[in-house]
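There are 2 protein chains.
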Amino acid sequence: MKRHMAQTSLSGNKRTQTERGVRIAGMGRALAGEKITFGNQTRYRLSQGQSLLDLAEKAANEALSAAGMNIKDMDLIVCAMATPLQAIPCNGALIHERMAKGLDIPAMDINTTCTSFISAVDILSCLVDCGRYSRVLILSGDTASAALNPQQKESYELFSDGAAACVLTKAEKGEASAVLYGCQKTWSEGAHDTEIRGGCGLMPSFCMDEANREDYYFDMKGPRILKLCARRLPDFLNQCLFEADIHREEIRKVVPHQASRALDIIMPRLGFPKGSYIDRVSEYGNMVSASVPFALCEAVNTGVICRGDTILLMGTAAGLTVNFLLMRY
Amino acid sequence: MKRHMAQTSLSGNKRTQTERGVRIAGMGRALAGEKITFGNQTRYRLSQGQSLLDLAEKAANEALSAAGMNIKDMDLIVCAMATPLQAIPCNGALIHERMAKGLDIPAMDINTTCTSFISAVDILSCLVDCGRYSRVLILSGDTASAALNPQQKESYELFSDGAAACVLTKAEKGEASAVLYGCQKTWSEGAHDTEIRGGCGLMPSFCMDEANREDYYFDMKGPRILKLCARRLPDFLNQCLFEADIHREEIRKVVPHQASRALDIIMPRLGFPKGSYIDRVSEYGNMVSASVPFALCEAVNTGVICRGDTILLMGTAAGLTVNFLLMRY
Numbered sequence: 001m002k003r004h005m006a007q008t009s010l011s012g013n014k015r016t017q018t019e020r021g022v023r024i025a026g027m028g029r030a031l032a033g034e035k036i037t038f039g040n041q042t043r044y045r046l047s048q049g050q051s052l053l054d055l056a057e058k059a060a061n062e063a064l065s066a067a068g069m070n071i072k073d074m075d076l077i078v079c080a081m082a083t084p085l086q087a088i089p090c091n092g093a094l095i096h097e098r099m100a101k102g103l104d105i106p107a108m109d110i111n112t113t114c115t116s117f118i119s120a121v122d123i124l125s126c127l128v129d130c131g132r133y134s135r136v137l138i139l140s141g142d143t144a145s146a147a148l149n150p151q152q153k154e155s156y157e158l159f160s161d162g163a164a165a166c167v168l169t170k171a172e173k174g175e176a177s178a179v180l181y182g183c184q185k186t187w188s189e190g191a192h193d194t195e196i197r198g199g200c201g202l203m204p205s206f207c208m209d210e211a212n213r214e215d216y217y218f219d220m221k222g223p224r225i226l227k228l229c230a231r232r233l234p235d236f237l238n239q240c241l242f243e244a245d246i247h248r249e250e251i252r253k254v255v256p257h258q259a260s261r262a263l264d265i266i267m268p269r270l271g272f273p274k275g276s277y278i279d280r281v282s283e284y285g286n287m288v289s290a291s292v293p294f295a296l297c298e299a300v301n302t303g304v305i306c307r308g309d310t311i312l313l314m315g316t317a318a319g320l321t322v323n324f325l326l327m328r329y
Numbered sequence: 001m002k003r004h005m006a007q008t009s010l011s012g013n014k015r016t017q018t019e020r021g022v023r024i025a026g027m028g029r030a031l032a033g034e035k036i037t038f039g040n041q042t043r044y045r046l047s048q049g050q051s052l053l054d055l056a057e058k059a060a061n062e063a064l065s066a067a068g069m070n071i072k073d074m075d076l077i078v079c080a081m082a083t084p085l086q087a088i089p090c091n092g093a094l095i096h097e098r099m100a101k102g103l104d105i106p107a108m109d110i111n112t113t114c115t116s117f118i119s120a121v122d123i124l125s126c127l128v129d130c131g132r133y134s135r136v137l138i139l140s141g142d143t144a145s146a147a148l149n150p151q152q153k154e155s156y157e158l159f160s161d162g163a164a165a166c167v168l169t170k171a172e173k174g175e176a177s178a179v180l181y182g183c184q185k186t187w188s189e190g191a192h193d194t195e196i197r198g199g200c201g202l203m204p205s206f207c208m209d210e211a212n213r214e215d216y217y218f219d220m221k222g223p224r225i226l227k228l229c230a231r232r233l234p235d236f237l238n239q240c241l242f243e244a245d246i247h248r249e250e251i252r253k254v255v256p257h258q259a260s261r262a263l264d265i266i267m268p269r270l271g272f273p274k275g276s277y278i279d280r281v282s283e284y285g286n287m288v289s290a291s292v293p294f295a296l297c298e299a300v301n302t303g304v305i306c307r308g309d310t311i312l313l314m315g316t317a318a319g320l321t322v323n324f325l326l327m328r329y
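Here the protein sequences line up with chains A and B, keeping their order. So the first sequence is numbered by the working numbering: it starts at 1 and just counts up by one. So the second sequence is numbered by the working numbering: it starts at 1 and just counts up by one.
In isolation and in its complexed conformation, chain A is listed as follows (with noise of 0.2 Å):
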């Protein structure tokens, strides 16, 4: 009975969070088409005349499929993406045009950087719970191929391109499936640790020139990053667990942001010993905001997550941005 554990408090504390009664009733995902590999690590990468909105469009696709539904029964379509297509409009209203050119769902963008899926969900299951809208569309998917810099190694081998989606509905009675808790903090002393500092308000492309060039590229600082994770995750992840009331072994599968072969250190560090997590950085690298959606819908498809499981998404992402959020599957 291991499965049900979760439903049942081993503290008997008061979790802080009320229940939100919402599904994901369907999952879908794309992966950019050109396969390249750096010794054992595979990466994707958007192959000639591939875009963002094909992937996006493809992975939403197959997540409607998967819920037996039709763009036509979503009230809203949510971008959680990290970075724009174009500086205007927002991404969620070119996905539209994609998807829903002549309907009239509203559309629009949540961004927490890679943990905008984490961060989409916490909010909508709020506004699903609250009846404000009933079935919500989840798009994530970045291709920072786009502006990795080959100079950089460390980030040049490590992303991916790729998209995942989520048909978020109401869970019916009798349903288990509910987010349990959600958490996000931020950190800004990890604001420039990871960035592209060009192209956008405050360096426009018409600035760029021979000097300041790597200024355009992603650029992202490892060490630092590291480091400031290992003084903030551990504290934080014990808050969350505590006002979420839940032990570790209470948790079916953790759902981590694929941030880096790191992976293998930090979970464990945290209290989550291999098996416990998911971690498919080897096969497909640091998708940006698609990272945990994308996992979460492969451990789904595989059976490796099953309805009624209490999973733990979680993450960090540029800002510094960590998210934590707790769900029945």
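It is worth saying that the hints were derived from the structure and are not from the lab. In this text, all values refer to a predicted model and were calculated from it rather than measured experimentally. The reader is advised that the hints may include incorrect statements.
Just so you know, same-sequence chains aren't split out, so a pair can sit in one copy or run between any two.
The list that follows gives simulated cross-link-like pairs (lysine to aspartate or glutamate, EDC-like), each with its CA atoms no further than 20 Å apart [unchecked claim]:
#1 173 x 57
#2 72 x 189
#3 185 x 73
#4 227 x 97
#5 227 x 283
Here the structure of chain A is known, so what remains is to put chain B in place on it, guided by the hints.
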């Protein structure tokens, strides 16, 4: 007693959404430092060394001060802006660095371009009402001047750089303040009527050359937008008024997005006579996401809008997105 008419329904219908007991506890605004004129139209542009972060910080500090609060009292920072400051991280993290460095307040972006503020208040009113957050700092603002095309007179002479902010909190017992109803729709036939095509994922800065330089400028197809608005707005508005169970005459003041000088043509056609809505286009131009909160802040500061007044925030945005939010201030 005209002021309180809105609290009783004229129609006897039932509003389709539940009231969310929230209040705008304080507001602030900031204009860019350089004042210019085009005929009888006044516009504001960033002065040397000034950035959107300066304006947003000033507006936010004014909002916090008006609310009698400190940044430490906030449990969420939301940037509801149209354009990214950097492709990574999100604007929320960058404003967090300015205002909340060393604190762990979560930061995020919510984006529906020009109506981002309306979407953010709609969403956050639900999150505050259900207890997910308690005191939220919402910042809007854009510096269109970073990408305005001097060759496109219509847009070049329309936009201003500015910011505005509000503190959103739970309404205390006995307070009338509430969000009564919100509705957004997106019609992506208009996705490319207002856009900046270059600089981000679909067309990175590296792709800019002399032939496509115009793609990196703000591009507005005014007549196409007006035509699409004329086709979509009347039905949208009637549906909202019906679902919100409110008559136009029960609304104390409409705060529309200051989209263009056509405001004076469009609003009366929508059944809102001159005087029933705020029009400050001649004084400030279109401040993108800052337009609605800036106009609202000014109206509150000058006593045009008072506590208990039923007000309507509405606007059109690149997307084409339209937004409608009815609240008791």
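Evaluated hints:
1. 173 x 57: Neither, since 31 Å and 46 Å both go past 20 Å.
2. 72 x 189: between (43 Å within a copy, 16 Å between copies)
3. 185 x 73: between (33 Å within a copy, 14 Å between copies)
4. 227 x 97: between (42 Å within a copy, 18 Å between copies)
5. 227 x 283: Result: close neither inside a copy nor across copies, 25 Å intra and 49 Å inter.
Of the hints listed earlier, those the structure fails to meet are numbers 1 and 5, in rising order.
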